[in-house]
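**Q** Listed below are the residues making up each chain.
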Amino acid sequence: MAKVTLENVSKHFVSKGSMEVIAVKDFSLEIEDKEFVVFVGPSGCGKTTTLRMIAGLEEITQGEIYIGDRLINRIPAKDRDIAMVFQNYALYPHMTVYDNLAFSLEMRKFSKEEINRRVQEAADLLEISELLQRKPKQLSGGQRQRVAVGRTIVRKPQVFLFDEPLSNLDAKLRVQMRGELKKLHERLSSTIIYVTHDQIEAMTMGDRIVVMKDGLIQQVGKPLDLYFHPINKFVAGFIGSPTMNFIETKVVASDSKLFVEADGFKLRVIEEKARNLQGYINKKVIFGIRPQDFSKASSPIEGETIEVFVEIIEPIGNEIYLEVKAGRDSLMASVDPKTQVASHQNILLQANLENMHLFDIDDERALL
Amino acid sequence: MKELYNLKLNPFYVHHPTLANIKTLLFDTIFFRWMYNTFFVAILSTVISLGASLLAAYAIQRLKFKTSGPTGLAIFFGYLIPPTILFIPLATIIFDLRLWDSLWSLVLTYPTFLIPFCTWLLMGYFKSIPKEMEECAMIDGASRLRVFWRIVIPLCLPGIFSAGIFAFTLSWNEFLYALAFISTTESKTVPIGLVTELVRGDVYHWGPLMTGALLASVPVALVYSFFVEHYVAGLTGALKE
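Protein chains in written order, with my numbering: chain A, 2 to 369; chain B, 833 to 1073.
Since the hints were derived computationally from the structure, they do not count as laboratory data. This one's a predicted model, so the numbers in the text were calculated from it and none came from an experiment. There are no misleading hints in this set.
Mimicking EDC-like on lysine to aspartate or glutamate, the simulated pairs with C-alpha atoms at most 16 angstroms apart in a straight line are: (1) A:K258 / A:E273; (2) B:K896 / A:E59; (3) B:K963 / A:E59; (4) B:K896 / A:E60.
Covered stretches of chain B, going by a simulated chain A footprint (3 or more residues, C-beta under 8 angstroms): (5) 973-979; (6) 983-991.
Backbone N, C-alpha and C fix where the C-beta goes; we use that ideal spot for every residue, glycine too.
With these hints in hand, go ahead and build the complete structure from the sequences.
**A** Below, the structure is given as structure tokens:
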């Protein structure tokens, strides 16, 4: 078990037209021992490339990577003492499950007894003992997944790397495996770096989340920190489901209070938050609010409620999604399932002003 | 024309079945020696070509060095040079190596057309193996050579089989180099032996000639029928999960 340190790591590719593409730029991060860190971002954001650089499958263009205190830039993958689970599992199809699990131990010249002991131990832990003599193609998706994980834990490596390991599973199995991986992390108490594009996976599993976009780290933080205090519009939009509403508004002052004003509504900015906004009076900002921060109101309150026209109602059981229109702007609201609403009528929505977000219109950084 | 359609002269069945031609072939010529020679050359050159092609195809496909693309293309162009042109410079080399009239001259020259062929076939096959599997093995602690031996080769067996069968057939049937480089009767391969020893002047000994053609095709037919499943899998490519 060890900590992993990345210092100003960059990766440049030379693409076909000899154009240089920067996949990862100036990536610095310290991953603590036994920490579960998730890299998340849309496809092409550099998260997998970063993981592959840590694994030794991709050369590092610039910067340094340490596992523990050891600089690993020039150490080949096989000597880095890491283990990796691939998206398509990469099980060896010509070997039995037992041989798949034993392969890495054989390569490291463990004794027959030790290999047998460790394979049995891993198989028991993952409940695949009865599958040991099968070939990978005789296994279901979930079982293959377990074998792929088992292959990493037999070696007891310093760091585990997971590259979107759940994306090939169906939705139900994914939720189940998510829980199992988390339990596994607690039991092994090991350092795990996990790459996913699924923000829910990131939120539920990570001790810390690294949000990436275009090769750059946007924000690093605990799941709920990212949720409540996103550093810019991208993180705010990426974390949370359904995604946050963004509307272009104008900051206006009246009666020594600040408001954000759009075509169909005017909402008050609460006092603590108003302090940062003095320079923005009469300027445009992006107003952001999560669908969950709306609830149905019975009577209008100035600066807190907005009147909207309900276009579509989507009940999903534990909440109801409402697609509504406020003036020209479309909004998504998620309200209590017992709320009585009908489509094509006007209703009042109360906004939770504590949780409103404002972003600079040019560089999109958070203002509150 | 009349003669051609006269069924009495042109039978659809054998009037007088005989094994005499087989006897002539087997005992009046050194057919067994020719068979042995052909096997010797075909197997050795196939093995050499497969070994070289496996390494070449893997390197071109996986070790992405700068000239891997052009190298692959160059090998392909090498295959396009017709043997009728190539045998002249090859003859000089064989002569310099003092391998004239020796079976080793064939073992050495057949790979000139077998290696490009096998390399191209295997390149396509290697391409179909997921890269992650090799990367995973490397992280598991295997060196590049180990990965090749333990992961790539077993997964490529169908491809190796089909390349091998093709190479074997090509060298079994090869005519031109054998004709050019071999002159003594004892060193001949089956295709050359039959044509040079059973066509005397302008007299064609059709019976033994046809018998020779039949017997010589038996090994190839056997090889095909035993490995036909692997062979088809090798041509259609790859790994189904």
